[in-house]
Amino acid sequence: MNSFTLADCSTVEAALSQLKDGAIVKAGGVDLLDRMKNGTDTPTRLVNIRNISTLRGIHSTPQGLTIGALTTLAEVADDPTIRTQYTLLADACGHAATPHIRNMATLGGNLLQQLQCWYYRSAEFQCLRKGKELCFAFSGLNQYHAIMDYGGCPSVAPSSGAVALLALDASVELTSAAKGKRIVTIRDFYLQPDANPHRFHVMAADELLTAIHIPKPAPGTRSAYQKYGEKESHDWAIADAGILLEMDSNLCRRAVVAMGAASPVVRRSHEAEAALTGKPITHETARAAGQASMTGAMPLSMNAYKVQLFPVAIYRTILLAAGQMDRDPSAAG
Amino acid sequence: MATHTTNPYSDAILSAAADATETTTKTVSMPIGIPGYTLHEEKRTVPTSEPPVLPVNKDLDYIGKSPERWDGNAKVTGRARYTADVQLPGMLYARFVNASIPHGKILSIDTSAAESHPGVKGVHVIELLLGAAVLHDPSLERSKYPIVRYAGQPIAAVAATTPQAAEEAAAKVRVKYEALPFVVDADLAREPNAPLVFPGAADQAGTAGGGGSASGIPQTGNVHGPSVRKHGDAEQGFKDADVIVDARYTTQVQTHSALETHGVVADWKPELLTVYASTQGTASVREELAGFFRLPKSQVRVITEFMGGGFGAKFGAGNPGVVAAELSRKTGAPVHLMLNREEEHLSVGNRPSSDQRLRIGAKKDGTITAIQLISYGTAGCGTGAGCAGPATNLYKWASLHTEENDVFINAGPAAAFRAPGHPQGAFALEQSIDELAARLNLDLLDLRDRIDENPVRRVQRQIIRESALWKSRNPRPNADPGPIKRGVGLSQSVWYRHLSMNCGAEVRVHKDGSVEVLSAVQDIGSGIKTVLAQILAEQFGVPPGKVSVKIGDTNYPVGPNSGGSVTTASLTPAVRDAAWQAAQKFLASVAPALGAAPADLTLTGGMVRSVSGKFQPVPFRTAAAKMNTDEVSAQAKRIPDYDPSKYDTYGGVDIAEVSVDTEAGRIHVKRVLAVHDCGRPMNPAQIISQINGGVIQGISYTLFEHRLLDPNYGIMVNSNLDKYKIAGSYEVPQIEVQLTESYIGQSSTDASGIGEAAGIISAAAAIGNAVYNATGVRIRQLPMTPAVVLAALNQPQPSMESL
Ligand SMILES: Cc1cc2nc3c(=O)[nH]c(=O)nc-3n(C[C@H](O)[C@H](O)[C@H](O)COP(=O)(O)OP(=O)(O)OC[C@H]3O[C@@H](n4cnc5c(N)ncnc54)[C@H](O)[C@@H]3O)c2cc1C
Ligand code: SF4
Numbered sequence: 001m002n003s004f005t006l007a008d009c010s011t012v013e014a015a016l017s018q019l020k021d022g023a024i025v026k027a028g029g030v031d032l033l034d035r036m037k038n039g040t041d042t043p044t045r046l047v048n049i050r051n052i053s054t055l056r057g058i059h060s061t062p063q064g065l066t067i068g069a070l071t072t073l074a075e076v077a078d079d080p081t082i083r084t085q086y087t088l089l090a091d092a093c094g095h096a097a098t099p100h101i102r103n104m105a106t107l108g109g110n111l112l113q114q115l116q117c118w119y120y121r122s123a124e125f126q127c128l129r130k131g132k133e134l135c136f137a138f139s140g141l142n143q144y145h146a147i148m149d150y151g152g153c154p155s156v157a158p159s160s161g162a163v164a165l166l167a168l169d170a171s172v173e174l175t176s177a178a179k180g181k182r183i184v185t186i187r188d189f190y191l192q193p194d195a196n197p198h199r200f201h202v203m204a205a206d207e208l209l210t211a212i213h214i215p216k217p218a219p220g221t222r223s224a225y226q227k228y229g230e231k232e233s234h235d236w237a238i239a240d241a242g243i244l245l246e247m248d249s250n251l252c253r254r255a256v257v258a259m260g261a262a263s264p265v266v267r268r269s270h271e272a273e274a275a276l277t278g279k280p281i282t283h284e285t286a287r288a289a290g291q292a293s294m295t296g297a298m299p300l301s302m303n304a305y306k307v308q309l310f311p312v313a314i315y316r317t318i319l320l321a322a323g324q325m326d327r328d329p330s331a332a333g
Numbered sequence: 001m002a003t004h005t006t007n008p009y010s011d012a013i014l015s016a017a018a019d020a021t022e023t024t025t026k027t028v029s030m031p032i033g034i035p036g037y038t039l040h041e042e043k044r045t046v047p048t049s050e051p052p053v054l055p056v057n058k059d060l061d062y063i064g065k066s067p068e069r070w071d072g073n074a075k076v077t078g079r080a081r082y083t084a085d086v087q088l089p090g091m092l093y094a095r096f097v098n099a100s101i102p103h104g105k106i107l108s109i110d111t112s113a114a115e116s117h118p119g120v121k122g123v124h125v126i127e128l129l130l131g132a133a134v135l136h137d138p139s140l141e142r143s144k145y146p147i148v149r150y151a152g153q154p155i156a157a158v159a160a161t162t163p164q165a166a167e168e169a170a171a172k173v174r175v176k177y178e179a180l181p182f183v184v185d186a187d188l189a190r191e192p193n194a195p196l197v198f199p200g201a202a203d204q205a206g207t208a209g210g211g212g213s214a215s216g217i218p219q220t221g222n223v224h225g226p227s228v229r230k231h232g233d234a235e236q237g238f239k240d241a242d243v244i245v246d247a248r249y250t251t252q253v254q255t256h257s258a259l260e261t262h263g264v265v266a267d268w269k270p271e272l273l274t275v276y277a278s279t280q281g282t283a284s285v286r287e288e289l290a291g292f293f294r295l296p297k298s299q300v301r302v303i304t305e306f307m308g309g310g311f312g313a314k315f316g317a318g319n320p321g322v323v324a325a326e327l328s329r330k331t332g333a334p335v336h337l338m339l340n341r342e343e344e345h346l347s348v349g350n351r352p353s354s355d356q357r358l359r360i361g362a363k364k365d366g367t368i369t370a371i372q373l374i375s376y377g378t379a380g381c382g383t384g385a386g387c388a389g390p391a392t393n394l395y396k397w398a399s400l401h402t403e404e405n406d407v408f409i410n411a412g413p414a415a416a417f418r419a420p421g422h423p424q425g426a427f428a429l430e431q432s433i434d435e436l437a438a439r440l441n442l443d444l445l446d447l448r449d450r451i452d453e454n455p456v457r458r459v460q461r462q463i464i465r466e467s468a469l470w471k472s473r474n475p476r477p478n479a480d481p482g483p484i485k486r487g488v489g490l491s492q493s494v495w496y497r498h499l500s501m502n503c504g505a506e507v508r509v510h511k512d513g514s515v516e517v518l519s520a521v522q523d524i525g526s527g528i529k530t531v532l533a534q535i536l537a538e539q540f541g542v543p544p545g546k547v548s549v550k551i552g553d554t555n556y557p558v559g560p561n562s563g564g565s566v567t568t569a570s571l572t573p574a575v576r577d578a579a580w581q582a583a584q585k586f587l588a589s590v591a592p593a594l595g596a597a598p599a600d601l602t603l604t605g606g607m608v609r610s611v612s613g614k615f616q617p618v619p620f621r622t623a624a625a626k627m628n629t630d631e632v633s634a635q636a637k638r639i640p641d642y643d644p645s646k647y648d649t650y651g652g653v654d655i656a657e658v659s660v661d662t663e664a665g666r667i668h669v670k671r672v673l674a675v676h677d678c679g680r681p682m683n684p685a686q687i688i689s690q691i692n693g694g695v696i697q698g699i700s701y702t703l704f705e706h707r708l709l710d711p712n713y714g715i716m717v718n719s720n721l722d723k724y725k726i727a728g729s730y731e732v733p734q735i736e737v738q739l740t741e742s743y744i745g746q747s748s749t750d751a752s753g754i755g756e757a758a759g760i761i762s763a764a765a766a767i768g769n770a771v772y773n774a775t776g777v778r779i780r781q782l783p784m785t786p787a788v789v790l791a792a793l794n795q796p797q798p799s800m801e802s803l
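Protein chains in written order, with the working numbering: chain Z, 1 to 333; chain S, 1 to 803.
No lab work stands behind these hints, which were simulated from the structure alone. Please note that a few of the clues may not be correct.
Stated by the list, open to error - Some chain S residues judged to face chain Z by a derived CB distance under 8 Å, without partners named:
{"#": "1", "residue": "S108"}
{"#": "2", "residue": "E168"}
{"#": "3", "residue": "D661"}
{"#": "4", "residue": "E663"}
{"#": "5", "residue": "D710"}
{"#": "6", "residue": "P711"}
{"#": "7", "residue": "E731"}
{"#": "8", "residue": "L790"}
Unchecked claim - In silico SDA-like pairs for lysine to any residue, Cα to Cα no more than 25 Å straight-line:
{"#": "9", "chain 1": "S", "residue 1": "K723", "chain 2": "Z", "residue 2": "P299"}
{"#": "10", "chain 1": "Z", "residue 1": "K132", "chain 2": "S", "residue 2": "S100"}
{"#": "11", "chain 1": "S", "residue 1": "K723", "chain 2": "Z", "residue 2": "V30"}
{"#": "12", "chain 1": "S", "residue 1": "K396", "chain 2": "S", "residue 2": "A634"}
{"#": "13", "chain 1": "S", "residue 1": "K646", "chain 2": "S", "residue 2": "S100"}
{"#": "14", "chain 1": "S", "residue 1": "K670", "chain 2": "Z", "residue 2": "T282"}
Claimed, not checked - If we take Cβ atoms under 7 Å as the criterion, some of the chain Z residues that face chain S in the derived model are:
{"#": "15", "residue": "L46"}
{"#": "16", "residue": "P99"}
{"#": "17", "residue": "E124"}
{"#": "18", "residue": "F138"}
{"#": "19", "residue": "S176"}
{"#": "20", "residue": "K231"}
No residue lacks a Cβ here, since even glycine has one placed at the ideal position from N, Cα and C.
Kindly generate the complete structure, drawing on both the sequences and the hints.
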């Protein structure tokens with residue numbers, strides 16, 4: 001790790017005024033410190049926002065919920081409102097990483113964590129996403145990589161929180177000293193790798209992610225998120241499913257099927273959603289949705305198993321959301 | 001039974017018989033066998049100087065009990081000082097400069113920018129690399145610097161006033177390479193036109209922990225082998241067989257990944273080189289440093305106060321020890337050099353992979369007519385990938401044919417790793433035995449009763465047979481209807497009675513009634529400190545917590561290097577002998593004041609007693625005050641086993657319960673019952689801890705751990721602890737350990753070791769067999785990740801006829 005200076009800020013204004021000359025924001029620091037230790041990031045200035053108390057907390061509003069960007073994953077997972085009304089977000093935050101990490105990691109940092117592709121994370125490999133031309137994963141080791149929508153970069157979306165927030169139609173609030181606040185939906189927040197390989201999202205270097213806004217779910221909404229890893233904890237997803245069902249008695253009025261570990265950007269499967277919409281939730285419809293989710297899958301040399309695993313993750317999570325199955329013992333604990 | 005043993009620890013074993021120096025002997029009657037099953041008395045002839053025979057554990061006060069870990073408090077309160085914690089005045093911090101390419105010749109090394117970096121006090125460029133195999137004919141390669149044979153190979157090191165300055169300066173060392181073609185895939189390395197890792201024959205020396213290659217083995221291209229063993233006529237054996245089980249098994253490379261990385265603090269002074277080392281052998285570090293720097297051993301002192309795990313990879317000074325000593329000599333200051341996690345994965349050892357073709361021929365009743373094992377494995381740019389131990393030693397066979405081959409690749413050299421070769425070998429053998437039982441429609445335990453005559457294993461199988469977990473096993477595979485299926489599988493393990501005769505201890509008794517034991521032995525976490533305290537406690541009647549244990553320092557009598565499960569078996573008899581002899585000197589010292597002849601005195605149960613009843617028993621402490629000198633002491637060294645002709649193996653029978661999610665491809669280990677023996681259990685809680693650890697490490701090996709090298713660039717992509725996956729608390733099953741208390745009549749403590757037999761050998765096979773029981777599908781590849789499990793389940797299953 002290189003030497004750096006640390007600016008400890010306790011207000012948003014102070015932090016924004018520090019965001020210049022290549023300074024990097026540190027929230028919980030879980031992702032950032034790893035990158036600095038790997039040598040993939042070598043910032044000379046860090047702006048510590050962890051102690052800005054106004055950015056921490058969960059507030060119910062008439063429209064829904066506002067979560068401060070510095071709220072920890074553990075706080076989100078334990079919040080009674082989120083557990084009951086935004087269940088899949090509590091699930092996602094409560095099953096990411098490990099208990100220790102969830103106590104440190106912030107929701108904002110979780111959404112902004114960078115790719116976990118091991119080539120990206122190694123200072124030895126300068127790939128497409130680091131300003132060079134090559135992707136090392138296609139002809140290299142790609143067992144954890146994407147199976148769909150990957151264009152030139154098959155690293156997968158690492159954030160569990162983002163899967164849940166996509167399903168919930170959430171938005172992020174971005175604040176800068178120059179332009180003030182702007183709101184961007186999660187759907188529009190992340191950039192496909194081919195759009196601009198060097199950028200992951202639309203946030204500018206002088207902006208802070210200050211809050212997450214989630215609209216109130218429609219009546220009759222049930223939701224669940226499950227993450228499948230090789231390990232039960234201390235591991236990223238090899239498959240995951242964020243499911244949101246708007247039910248009219250036993251018919252599904254609207255379904256959202258979101259995935260993270262399938263593609264570089266969190267995505268919804270409209271095929272899977274169509275397989276549920278207007279139908280009752282049964283083992284058959286859930287399995288059909290799981291199968292439909294793999295429309296267009298193009299696995300790489302080492303990850304065909306994911307095409308088998310995602311439908312399982314999705315059907316079981318649909319049934320969990322619908323209250324027809326317990327939490328899967330095969331999913332992360 | 002088969003008595004031909006593959007011995008990965010030949011250095012550690014000394015022929016006990018040959019070393020016999022004692023002349024006068026006495027005949028004693030010793031407990032032999034297993035209490036509750038086979039316990040009886042047998043005669044042994046032992047040197048007259050030996051202490052009285054120790055009764056079985058239930059008749060002892062401290063030995064065989066589980067007092068609090070002697071240093072547990074220091075560890076959990078953070079008082080324990082590990083090597084990384086050592087701080088000396090004026091100490092510098094060092095960092096390595098490592099190769100960024102997997103194969104190449106170093107053309108030049110420019111250290112000028114590093115040397116002028118603020119805070120830098122010294123730079124050392126490595127000219128002689130340790131650890132890897134070396135060419136028989138070095139002239140085949142002309143190079144000023146060692147040839148780079150793996151990415152991460154240390155090239156140079158920088159010492160500076162802060163760790164930060166050292167790291168920054170190390171990044172400024174400029175190395176120019178002439179890149180050479182490389183190969184990191186063991187299958188590709190076997191092909192005729194593969195890039196050569198070595199241009200000629202090469203061999204790796206073993207360590208006190210094993211590893212290395214046998215001598216006189218042929219080498220063709222990258223294939224160093226075969227090392228062949230033939231007993232009987234295997235060809236005929238297969239002809240005589242009613243069934244032949246023939247299968248291929250593959251296992252991955254595992255890195256040791258001890259919590260504490262390799263490292264030293266070296267302090268070079270003209271009269272004494274002092275090295276604080278994270279090592280499994282203070283003696284081995286001293287040996288290597290004295291040899292490397294041509295120093296008298298008396299001028300090298302090695303200290304290991306606490307140690308955070310080694311698993312076989314921490315013998316000798318190695319590159320970190322030698323380089324830190326060089327830097328200390330150059331700078332005149334102590335040098336602190338701890339590896340980082342990436343270096344730990346890359347350059348200081350690993351468990352070799354294996355690719356095994358195993359054929360077993362048997363009669364209808366299960367009698368084995370022939371075993372043939374052809375194995376290839378890679379130990380990187382080292383050797384030691386043989387894995388025929390279990391096939392050779394677990395069961396009785398009429399003929400045996402094994403061929404072990406090492407395949408060189410451009411990766412870091414292997415090192416001894418907890419039961420070298422045995423987890424790999426047992427993974428294949430015990431699944432094939434399971435398959436054999438299925439083919440012959442024999443009960444798994446009955447079959448083993450037929451082919452394994454070891455009396456201890458027999459009792460252990462009986463314990464398994466009667467266990468609730470085994471009784472809950474459905475003998476029919478794939479019996480559960482749902483997608484998540486339950487299974488129970490079994491595997492045996494075997495390890496050997498290796499000893500280090502090169503060890504001793506001193507015991508001192510002070511006039512204030514305090515007692516202490518001194519030995520250079522290191523406690524690698526397995527708890528030898530507590531065991532030594534128990535031995536003194538038993539002798540003097542002082543609670544173990546009150547005994548002073550001074551170890552981990554070569555200023556004390558030489559200790560065994562802790563490899564091959566030798567420590568407790570080797571050292572405890574010497575300590576008991578020293579304690580006994582010190583007690584006799586103590587009695588002689590208090591005899592005048594007590595008005596008795598020394599021969600009339602005994603020290604038992606903490607009381608000095610007069611055999612003739614001259615006086616009422618006096619507490620040890622009270623008697624000590626009457627000593628006629630301030631201190632008495634005795635030194636003893638390990639004497640040979642009492643009856644080396646009775647060569648004993650240890651091991652165990654383990655069963656695992658798994659659930660297999662056949663849709664998600666996930667294996668979850670729910671319960672393990674491990675039944676193990678290690679002679680007299682000196683401290684059951686510590687033994688159980690080691691078995692728990694072995695089981696967990698075995699599960700981790702079976703399901704998760706995998707060193708991954710990028711095929712195109714030869715660089716390890718998961719050289720950390722998040723993508724190199726290790727079992728964590730969520731993956732740990734409920735583990736029940738049953739110790740088989742087993743007396744073998746070999747020494748004054750009759751203790752044996754447990755480190756290697758403990759769980760690691762059998763875990764993968766037991767889990768593999770449990771998966772088969774659950775699903776009817778055999779997984780013959782490690783690690784059993786969801787990708788591997790789903791691929792295996794997707795395969796059409798061959799019918800019995802086509803096998
Ligand atoms: C072993 C392991 C397993 C894991 N498994 C999972 C998993 O299953 N699911 C999952 O979702 N995550 C997982 N993680 C990742 C972990 O959840 C993230 O690293 C963590 O959430 C990051 O949060 P942080 O607050 O520490 O972010 P930081 O490390 O502080 O920041 C991350 C990035 O975001 C930027 N940033 C942070 N906050 C702001 C802000 N408010 N405004 C602008 N920029 C900001 C930083 O500059 C940095 O680039 C795992 C991590 C580990 C180590
Ligand atoms: S998958 Fe993406 S991040 Fe990984 S090497 Fe390829 S381009 Fe780089």
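To test your reading of the hints: which numbers does this structure violate?
1, 12, 13, 14, 15, 16, 18, 19
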